[in-house]
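S.K.: Can you make the complete structure from the sequences, with help from the hints?
Be aware that the sequence shown starts at 36, since it is given in the numbering used here, and climbs by one per residue.
Quick caveat, the hints were computed from the structure, so don't treat them as lab data. A few of these clues could be false.
Below, a list of computed lysine-lysine pairs in the DSBU-like style, where the Cα atoms sit at most 30 Å apart [stated by the list, open to error]:
1) Lys89 x Lys118
2) Lys163 x Lys244
3) Lys303 x Lys275
4) Lys163 x Lys151
5) Lys275 x Lys243
6) Lys303 x Lys244
7) Lys244 x Lys187
8) Lys233 x Lys296
9) Lys118 x Lys163
10) Lys275 x Lys89
11) Lys275 x Lys293
12) Lys71 x Lys275
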Amino acid sequence: MNRYQFFKTFSMAFACMATTISCKAQQTGIIAEGAKLTLVADDYEFTEGPAVDKDGNVFFTDQPNDRIVKWNAADNSVTDYMKPSGRSNGLYFDHDGNLLSCADEKNELWRIDSKKNVTVLVANFEGKLLGGPNDLWVDPKGGIYFTDPFYKRPWWQHTEAEIEERRVYYLNPNTSEVRIVADTFVQPNGIIGSADGKTLYIADIGDKKTYAFTITKDGSLTNRTLFCELGSDGMTIDNKGNVYLTGDGVTVFDKTGKQIKHIAVPEKWTANVTLGGPEQNILFITAMDSVYTLAMTIHGVR
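M.R.: Shown next as structure tokens:
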């Protein structure tokens, strides 16, 4: 049983729950007063990888069905954007408006332009297949950090990892040079950086920990520090420096690593999260076969 089937089976226990849940107990602070967690759509198999464009629209993936879906912030509608999508997982927009994808079909990193033309940015590392790029973040200079765990996929022809170590890599801006910037993880997964480009957060979901790193001028990482005793599938950050981790709902930590909020989500697993909408004040959550939104008082940093 793969992770999609596992979480899908257990999520059936939640099927009778209402499509919206009240957040009245959390009316103050980062959640807008009176805001409700609202179901947008639930006709997917496993949602992941939300990324917000310059207009506040959110693109997310339904990896088992090999598609990228677009949420239109103006009218709250969802439509298929790209299918097939190279089994896209994590997504992020670069500074030129291209959609970057962790394309898991062939363990690659893609750039998708506005006309849906695909450029393979990373096909391998030193001639070996990556474990499977999972999540990514673009720094202020345009460099790309991406996590590389290993989850066996039913669409792969290979069954064993060609690279034993589970790492985080950095693609230098305007080049094809890929470097190892962090290793010694069990399964690195979620990743997000601060708005000033000085701090990078990496979640080791396999070890149930999240670390903070100092980003140096050349993109290298130093000062590995335990941020919190919780791993994460996907992550985001707001304008106050709060970091949002996923898994059991959404758990929010301030910049010191102190938990300040937990947002319950009526699904067995919450995979990823971002801040979208025209003002970037809508928390957009991918969870199992569904996507949800929640109005916030804070906003994103894109």
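S.K.: Give a verdict on every hint.
M.R.: We went through each hint and held it up to the structure:
A distance of roughly 22 Å separates the Cα atoms of Lys89 and Lys118; the hinted pair therefore holds under the 30 Å criterion. Our distance criterion of 30 Å between C-alpha atoms is met by Lys163 and Lys244, whose separation comes to about 28 Å. In summary, the hint linking Lys303 to Lys275 is supported, as the alpha carbons are separated by about 28 Å, within the 30 Å threshold. Note on Lys163 and Lys151: the hinted pairing holds, with a Cα-Cα distance of about 27 Å set against a maximum of 30 Å.
A threshold of 30 Å between alpha carbons decides the hint, and for Lys275 with Lys243 the separation of about 24 Å falls inside it, so the pair holds. Between Lys303 and Lys244, the direct Cα distance comes to roughly 20 Å. Compliance with the 30 Å bound is thereby established for this hinted pair. Among the hinted pairs, Lys244 with Lys187 is consistent with the structure: their alpha-carbon atoms are about 22 Å apart, no more than 30 Å. At most 30 Å may separate the alpha-carbon atoms for a hinted pair to count; Lys233 and Lys296 meet this at roughly 24 Å.
With a CA separation close to 27 Å, the supplied pair Lys118 and Lys163 stays within the 30 Å bound. Note on Lys275 and Lys89: the hinted pairing holds, with a Cα-Cα distance of about 20 Å set against a maximum of 30 Å. Note on Lys275 and Lys293: the hinted pairing holds, with a Cα-Cα distance of about 13 Å set against a maximum of 30 Å. Using a Cα cut-off of 30 Å, the hinted pair Lys71 and Lys275 holds, with the two alpha carbons roughly 22 Å apart.
Going down the numbered hints, you'll see the structure goes against none, and every one checks out.
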